[in-house]
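Chain by chain, the residues:
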Amino acid sequence: MMENLVYIALFAPFASSLFAALFGMSPRQTFVGIIASLLLFTSFVASALLAYYVYTTGNSIHVTMMEWISAGDLTIPFGFLVDQVSVTMMTVVTLVSTVVHIYSIGYMDHDKSFNRFFSYLSAFVFSMMILVMSDNFAGLFIGWEGVGVCSWLLIGFWYHKADVTRDENPSISPSWAANEAFIVNRIADLGMLVGLFIIYWNVGSLQYDVVFSALPNLSGSVLNAAALALFIGAMGKSAQFPLHTWLTDAMEGPTPVSALIHAATMVTAGVFLVIRANPIFSMTPEVSFFIAALGTFVAFFAASMALVNRDLKRIIAFSTLSQLGYMFAAAGLGAYWIALFHLAAHAFFKALLFLGAGNVMHAMHDELDIFKMGGLKKAMNWTYAYMGVASLALAGIPVFAGFFSKDAIIETAFNEGTYVLWAILVLTAGMTAFYSFRQVFLTFHGKARYDESTLHPHEMYKFVLIAMSPLALLAVIAGFFMGGFQTFVTKLLPDYVMSEHTHHLIWVLTAVVLVFAVGGIWLAYKKYANGLKRDEELENSFIYKLLANQYYIPQFYEEFITKPYAMLSEKMWTSVDMKIVDATVDGIAKLIYKSGDGSRKMQTGNLSNYLNWMAVGAVLLLVVAAISAMLG
Amino acid sequence: MDNILSVLVFFPAIAGLLGFVVDKESARTYGITVAAIELFLSLWLWFSFDSANAGMQFVEMIPLIPDFGVSYYIGVDGISLFIIIMAALMTLIGMMSMSITKNIKNMIITLLFLEMTMIGVFVALDAIIFYLFWELSLVPMLYIIGAWGGPLRVYASIKFFLYTFAGSLIMLVGMLFMAYVYHNLTGVWSFAITDWYALVLPVDYQLWLFAAFFFGFAIKVPMFPFHTWLPYAHGQAPTIGSVILAAVLLKMGTYGFVRFSLPMFPDASVMMITPIAVISIIMIIYTAMVAYAQKDIKQVIAYSSVSHMGIIMLGIFAMNAEGISGSVFQMLSHGIVSGALFMLVGVIYDRRHTKLMSEFGGLASVMPKYAVIFGIMLMAAVGLPLTIGFVGEFLVLLGFYQVSPIMTILAGTSIIIGAIYMLAVYKKSFFGPVTNEANKTLKDLDAKETWSLVPLVLIVIWLGIYPKPVLEPIDNSVKAMLVFMDEKAITKEAKDMIKVAKSSQGGV
Amino acid sequence: MIGLSHYLIVSALIFSIGLMGVLRRRNLLMLFFATEVMLNAVNIAFAAISHYYNDLTGQMFAFFIIAIAASEVAVGLGILIVLYKKHGTLDLDDLASMKG
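Line order of the protein sequences matches chains S, L and F.
Position 570 (the first sequence) corresponds to 570 in our numbering; numbering is contiguous.
Position 431 (the second sequence) corresponds to 431 in our numbering; numbering is contiguous.
Position 69 (the third sequence) corresponds to 69 in our numbering; numbering is contiguous.
In isolation and in its complexed conformation, chain S is listed as follows:
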């Protein structure tokens, strides 16, 4: 029974993808979207039932479908494991996916590739389910690459758009952004593969249970290498510095994709990997601290770029990056369950935020510049409410989900005695509140800054708004389940509780964070709630430009990696391959040809000449014979 549920949860999205693919090249069919959504909902129900089962019985379900690769001593099965961690992920993924599928029926309404979109989207969910459900590292890698390809397909969904300059569109074009995402992820995947190799040659298996039970026998250096290699893999998927540029460019994809893949699910795969492999990371404190430090840095770094950005979706993308930093900070400090909790809560409110942004885009005819919006509150009540709720949750205002999860992470940093990290995370919380509400105010408050005579913003379809409501609800109430969640997942994950000392100071700590969060919102309110006042001096300052250009990192990559690589490739071809390697071969051939051509002159046709040559030859042979006879 439970086994069947596992397969239903896993393969319903696959069936949905195949079904939509059948109609991939035919014109828009609404029923494709409906059936895909129904199948996704089936998968969600199955996941929820499994979650209930795991919650009530405390058992995990382990099924092995069949053998995949078997060579030498290596055996990799298609095995699936449903335990506290994976079932959490499954439920979150299928819930957000179902919402996004229904949302897409409305959002992609006018797109002629409607059917194709659902095929890709469901294929993504299937890959993500493999990723989280697999019982071994190789299976995880299947999902890992699978979500990468689906992300490539979906970022480049509007592949017909032409490349433009970076000034016009920082992502150049959807197909460019898609390729960038794929290639950057591949860099990290190499790290991940190396991690797999290290584990295999030291343990002899890639099954989680075998690997984790063999860890105590491994040397410290092996563990460190494995942990670091796996984390490099996680850095790519979760877009950690310096592999972060692809995530903002990925906003070229349709907004439901941004909500599902680039906010709620795929980008959290890196965090999931660290949580899943927590036995390895628990044994490597240095690597774990590095993860925490990098996470904290990214949290701040990304938030700083969000402060000045004018692109609705990019602001949310930076915010995602920043929140992923928080999750890594928690995971790196050993609070795996808090990281997982923030992952889930973040999935809800960030997906909601993106879908809200999608509504705005829909209303504004794909305008993304928040400087050209304003006053949308009147026309879009529901969207305003949703985005407001999501932003409150993101800013960490009490009773909303983000307050509980983010606050726990910040407390963890304090509890571990890493006060520098703590301070940065608190500061970042303030920045988060500021940029979230800067966006909300600029979009919805004040006067309209668009041409009201041509553009008449309208609210999204009703069914779309209703479909978004579960996310809104969860963004509000998810925090109250924190205690239950802790007892649930810590059956598997190491528990993390604050020390006595922290416990005493908890009110103070919470108050400090709250002061920053509320301060950020207040600042945003003062500056932007009554419309936009451009500050030329500020916008031309060095810091502002630095932040607006993402610290010039994309330009740096372009100048120092992309272009030199292309130039070097060209040189390798024209100078080395053609002028050296091939020219040598042709040179040898020419030498032989020329020697033949040169000796052709001997062929005079005159018998007398031939006889002379013959005599020369005979004499030469005699001399050779004589010399060899003398030499013995």
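Check the hints yourself; a few may be wrong.
EDC-like mimics (lysine to aspartate or glutamate), calculated; alpha carbons at most 20 Å apart, straight line [as the list claims (entries may be wrong)]:
id, chain 1, residue 1, chain 2, residue 2
1, S, Lys571, L, Asp296
2, S, Lys161, L, Glu437
3, S, Lys527, S, Asp366
4, L, Lys502, S, Glu67
5, S, Lys112, L, Asp444
6, L, Lys295, S, Asp163
7, L, Lys427, S, Glu570
8, L, Lys428, S, Glu570
9, L, Lys468, S, Asp73
10, L, Lys295, S, Asp582
11, L, Lys468, S, Glu570
12, L, Lys427, S, Glu558
13, L, Lys427, S, Asp163
14, L, Lys295, S, Glu570
15, L, Lys105, L, Asp23
16, L, Lys502, S, Asp73
17, S, Lys601, F, Asp93
18, L, Lys428, S, Asp163
I should point out that these hints are in silico values taken from the structure, not numbers from a laboratory.
Once you have looked at the hints, place chains L and F on chain S.
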């Protein structure tokens, strides 16, 4: 049927001879029928093949020149079985998709002869028979490139012929010397490979012989820096020529390493791991970069072939079952994927008579089916899990990691730079707006093209999800070979380096 | 006393004369004669060495050579006559039709 191998080898040739009397209009149907029967026979061979038996099966032996130990000696094991099936498959698919109309009868007959030589190489267990088929395979290919090729066809075909021929002559010297050594040590003449296996040679002899065989194989593979004939051959060859060349002929080189070099010269092979690994890594990285610089789609795929062959070479010299099995599997995977990619390039070439990427752009909007199949093959080429390309590449890198982590990481960059040039091709040809007027009216795949490509897509996915039926026989034979090499090795380094799988310890 | 070396010296001298003839002459007929001279030089050497070793094989060989030379002359002269009739000359410089 005991003589199935002989039937497999000579059926296409006899059918090819009969092809001379076939009517010109029906030549194509005739060829496809013969190739289909041949594929059926090869599948039957697989069906009657005993997967658990790691040794040679269906062995036939007829003495030809008993005084010199030359005999018609053929057989098949897990390593060669699937390459034979792939050769039969790719010949059939290639014929089905062929768009050539000029001298079609000659082409069909040539292909059938080529099929004989290809299968002959992979079943031969006698060095002279092996050499015979090896050299004979050059002739039909020379003809295909020279007669149906592009503007530089004569240059390309002569370069192809002379280059590979020069290498195989050195190999022939090696074979003769090997037979001479065998005679000196045992007192009898023999060219049977299985007899040669039994010979334990001193290390210096092994090194010289390894070098002699190396030239023959390395030029065929082709290994850096002997690769420059390949882009010309591919660039000028007609589609069918490129398909067969990439899918099967290149595999002769890597197959030679597995069949000859490793079991005959285990100590020399172990000593040569580092140099060969270095060359392989240069092949992987350097040709991938050169591929990125190309303007012509076909040249990109030609150079990418060299890069992928580098992975195969690396796996062969991993000296463990994971690496070598992965490498043999990768031979099949590369055969099918690169064959399909060349066919796909042929599709667009037939329509536009150009292969320059700058002429295309936005093809995905005009030819969606074509774009989908190209996309699947591209993903298989960059080694996406659950496609055939991943299994081999993963096993090779996994296997070689045991030899050298650093070199594996360098070779592993192939998953990055492979994606770079492949995605660049896809972006330039398929994405973006349709700018060229000539592309706006292109027709999507027709029935003939679809039916020849879809089977390959199915195989790519089937063997990506469930490689076991293929991987298991390969793995059994490879494990047995490693046990044998380990017993035979005389130096301590070789004994240490050759890793016998735990599952095959305790006897063959 | 005339010994083996004397015969061999004579043989070598005659052979050299023949060789010079082969190298320097341009007329085909003269070349022919020069080769006959060389053959006979070899014959002398054969006969002398045969006598020196008391082994008749060498003399037998000399007879063979004489016989072959005779038949060669017969065939060769025939060819020369035909050649002369066709080209009107036997000068090698004029007969160079096989220039590469």
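Looking back at the numbered hints, which does the structure fail to meet, lowest number first?
Violated hints: 3, 11; rest satisfied.
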